[in-house]
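Colleague: Given the coordinates of chain A, work out where chain B should sit on it, guided by the hints.
These protein sequence lines map, in sequence, to chains A and B.
Following the UniProt record's numbering, the numbering of the first sequence begins with 1 at its first residue and continues without gaps.
Following the UniProt record's numbering, the numbering of the second sequence begins with 1 at its first residue and continues without gaps.
Heads up, a few of these hints could be off.
[Unchecked claim] To give a feel for the contact side, a few chain A residues facing chain B, derived at Cβ under 10 Å:
#1 2
#2 7
#3 17
No wet-lab data here; the hints were simulated from the structure.
The beta-carbon is built from N, C-alpha and C at its ideal position, and this holds for glycine as well.
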Amino acid sequence: MRYPNLLSPFVLNKLTLRNRIVSTAHAEVYAEPGGLPGDRYIRYYEEKAKGGLGLAICGGSSPVSIDSPQGWWKSVNLSNDQIIEPLARLAGAMHQHGAKIMIQATHMGRRSAFHGEHWPHLMTPSGVREPVHRGNAKIIEVEEINRIIKDFAAAARRVKAAGMDGIEISAAHQHLIDQFWSPRTNFRTDDFGGSLQNRMRFGREVLSAVRAEVGADFAVGLRMCGDEFHPDGLDHETLKEIAHEMVSSGLIDFLSVVGSGADTHNTLANCMPPMALPPEPFVHLAAGIKAVVNIPVMHAQSIRDAGQAERLLESGMIDLVGMTRAQIADPHMAMKIRDGREDEIKQCVGANYCIDRQYNGLDVLCVQNAATSREATMPHVIAKSGGPKRKVVVVGGGPGGLEAARVARLRGHDVVLFERESTVGGQVNLAAKAPQREQMAGIIRWFDMETTRLGVERRLGVEATDAMILAENPDIVVLATGGASHMGQVAGWGAASGLSVSAWDILSGRAAPAQNVLVYDSMSTHAGAGVADFLATRGSRVEIATPDVKIADDVGGTTFPIFYRRLYALDVVMTPNVWLDEVYREDGRLVAVLRNEYTEVQEERVVDQVVIENGILPNDQLYWALKEKSLNHGQTDMETLFAAAPQPSLSQPLGGGRFLLFRVGDCISQHNIHGAIYDALRLCKDF
Amino acid sequence: MHSLDHLVTLFFWLAVAALAFGTMRRARLWRAGAAAPFNWAQLLTVPRRYLVDVHHVVARDPYIARTHMLVAGGAVAAMALVALNYGLMLYRPLLNGALVLAAAVMLGGSYLVWQRRRAPLPRLSAGPWNRLPYTLAAFAFGLLALALLPSALLSGFFAALIMLALLAGTAELVLGIGTGGPMKHAVAGVLHLAFHPRAERFAPRAERFAMRSTALRPLDLAAPVLGVEKPTDFRWNQLLGFDACVQCGKCEAACPAFAAGQPLNPKKFIQDMVLGLSGGSDAAFAGSPYPGITLGGHSGGPEEPILPALLAPETLWSCTTCRACVEECPMQIEHVDAIIDLRRFQTLARGALPGKGPEMLGNLRETATQGGYDNAARYHWAVDLNVRQIRPGESVDVLLVAGEGAFDMRYQRSLRALVKLLQAASVDFAILGALEVDTGDTARRLGDEATFQAQAVRLIATLSTLTFGRILTADPHVFHSLKNEYPALGGHFTVLHHTVFLAGLASSGQLKLGATSETRTITYHDPCYLGRYNGETEAPRALLRQIGVRLTEMERSGLRGRCCGGGGGAPLTDIPGTQRIPDIRIADARATGAGLVAVACPGCTAMLEGVVGPRPEVIDVAELLAAALEGQA
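Bound conformation, chain A alone (with noise of 0.2 Å):
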């Protein structure tokens, strides 16, 4: 028995989960209007019991009240009856592969935006702003508590018929039940307010109502923070205290457990801890709560792989190992846990480009499975083709080049791939040099093994020209190219005459960091605050500049905040709205002028290092020298690859000199590493 714990059987309530592996709440932003779970969404969830979890819980934040809006981040609305006819569907989706489904209810209080649908005043305890959000809020009052509790049973009530496995109550990331627990948010002075026992008021009655509602026979849970790591709010000892109070009142079944609070940015990036923090930063925390309760214990946050979860388990700090964003980047994971196929399993790099899509409103799409949420349309598993077998050769071992190598060869044909570099990667391997970035590479080591386990016949170190292609007779060629630092857009950085260097320069180690260095980042991704904090960390004295309103602009909510917490940590001056309009030499040294957007007014530097990142400008010499000799001229009919369907042009005959040639990621324009993949995902998976 290689897993006894983590794939041994659990008895929660009255259900039955077949191992300890869960996906636990979180936001989707799937939901179709209305909050209402549609085929997107029910497939999503489908996959992840098809891969074999015990149970899911979906519908992060799924609010129970009409005031507590849905829009924002599309979640289910369990606030009117409409809910119980989707839910049943997803709940029987599940149920047909062996997984259980519960559903996470909350009141979300001031942690929102008013602005948008209904346009409603936000309620919280005591009237404090929420920041992260901007959520302006009014004073709650008795009858709207009392209103609030009554949602809660109806729509607990609401999944039930829909036949659920049960609900997880939110009392986490400072929804409307914590924002009454902690001290931060609650200066009341009524029955609600003051005393711990009163603060907890609220949030006992709603499990009460809860209770009530169901019967003792339906699983009921509680999610609740482990400590909020302010200094004004709730710390560990208190919630324990809490914890202890919530379950002796017999009315859960479960509590899952988190670390941090997250009304801050600061503390939101700790909540989804992305690949900087340590594995399993906070599981502390939940074993400190279990130690507290006689109910069983679920926890997640950067639970990544078998062994780590099998450890938390047998050494009893938990009992059920929350595995979310893992199984979004591969919905499959505990099947290939279960049957002996680790080494397939596509392992979350905590890159949270699914978490921060999210706090932009955006669906979650996972940096690495351009199949995840898309289900209907791409494939996880890549059927063999019923077609002929062809010979495909893909140009470009970056994260684009490697997916349509991939799928190409799963779909049965003959698949060679060149590469430049000895190693396959492309850009990913420069975006982990950077500090803390270095699980990047843990994208490529999945797509390193697949290539190699499949078979895919890969020529490293080989620079593809146009005859060595054509001397392959392929019938499909997919250039996967990439791109080059796209340094001569100003001639005035004086790129050409050594007066600027790339950032890809630095990260590859081809120029050494200076001692004073301006990084000048036009692009705001991870790539400028990257090589900043690369130079930093290695004694530079660092400025980083930008046009954009903020370093790190494109940077998502959880991810800006690591690096913000290192370039301060290392005295890196952040210059935002400034234009570099040239670099010149004086005295020996550089000097670089910066132009403020908003007055025009010029400023200058001396330093030793200009460092630039711009970007990427497409690399294309082989498009060009192939286009006119392939029979689509390298076109990729856009109406079908949208719609997901077959490319026209791959029903002609091929091979014999005939063939076709598509592009896909950075080598037509630039995108990022998941819009690569999906090119080549979409492309290829109809080969």
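Modeller: Positioned in the frame of chain A, the structure of chain B alone reads:
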């Protein structure tokens, strides 16, 4: 030349006397063994057992079959004629004519023996066996000359020469039994056939196929000696069986432990038992020694403990109980029974079981599982498959008994596939679930009969509270144990191996199978406890054919398949050799060009998957079928 004829008559009766005396002497050694049923009438079974059962094995090697037919046939006919013509002093020329024919046949056979021994196979013993072609030829030549040549032509010298040849040949034939020479096998072999410890082996063919007589006998746990400590603890007919060995080495060539360089050679093992019976050192053994153990270091006697003076413990614990030796033995010797008898004493009386064996036995006694697991965890793999748990008072057609493999994640894949197939075929089945305890099979192979019987009694008690039609298992060891060994302890069940059951479902159309999508070359590895122990080699092959697999067979397959190394508790005792048995088996598979080895046993799966480096994939038949279920995406 009446005097010569009379001389022959005299010689004949002297020879008869020598043979009788020698046989009596040898019989005294056998009779020192423990009691076993005896009935003179069993001698009547010999012709049939010889001509059918022995011939069936010998005929696998046509050369030696022909050779033996000529030599032995000629010799027996010639001796009968001598007995008639000279023994009874008839001296009829006509009988001499027949004698010429018989002697000529024997002479021809002797030539073939000579040919065989010019470049002997390594498995053959040398030493006294090398003189056989000459002494046999001398006997045949002597008779030929005696019967053919008119006595007038015989000079005194020539007559003396003939008599010498006859004397030498006769000495070989009649003194062997008394002195332990090669021809001992003729007398001991005939008697062994008559008084064989497993008379069921010689049942009519159809019956024999259903019951291959491979079950171990229960040990009386109240007996003064548990198992065999010294040679005289063997039953007398076992001792007789050892004496039947012709040292042909077919067992040696089939033994997986010998091939892996582990210190076991079944031929030498039997010869060591002969040494124990008659006393002496193994220095004169003229065959391959136990790998890694030099000759001359071991000796024994009838009342001496066999281990360690005569037999090293490593030899005893190297056996995988695969029965390849028994399957190959033309003399129908029961090597594995002897091994188990010895193990019983070592484990029960001496506590001398090596390696991880004692740990496993401790686990069994304390948890009823070999690995020390929670019995309730045995069916964790089925928790989401919507399968019925059997309960007293509820009847079900098929009861699934998973075995120890159910704790192993790898084998859970096979079990899940099996459940999928049963559900697809709408079989009325339930699992034994947390009620299941280990069959005790591995304990039994390691000599711990006490733990085996305790487990069996417990499992039989559990099963007897339940109402089911048949037992289904995917583990051939569970299958063998429940089907063949439980009846002696009062457990009478209909037991089916999953390949047999599924083959039935498939042929009746209840299980609808499509074509496999496998494009790799596939070979099938026969589990010993399904194939050799139970004769079932066809069902898995039929199933594979049904899904469109064209099997590429390994050289050693079917009843003569090579062991994976996992039987008999060998993975627990883990006696080192120069390589591992599963490595050899995977090499067998590789030699066929197979990319996939189909299996039907959790033990084989674990052993073959334990082979490191690139190797064919190992997949249970059930998994291949589940992937080929009709309507499967």
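Colleague: Taking the hints in turn, state whether each one holds.
Modeller: Okay, the hints, checked on the actual structure:
1. 2: Result: holds, 5 Å to nearest chain B Cβ.
2. 7: Residue 7 (chain A) check passes; min Cβ-Cβ to chain B is 7 Å, inside 10 Å.
3. 17: 8 Å, holds
Every hint from the earlier list agrees with this structure, and none is contradicted.
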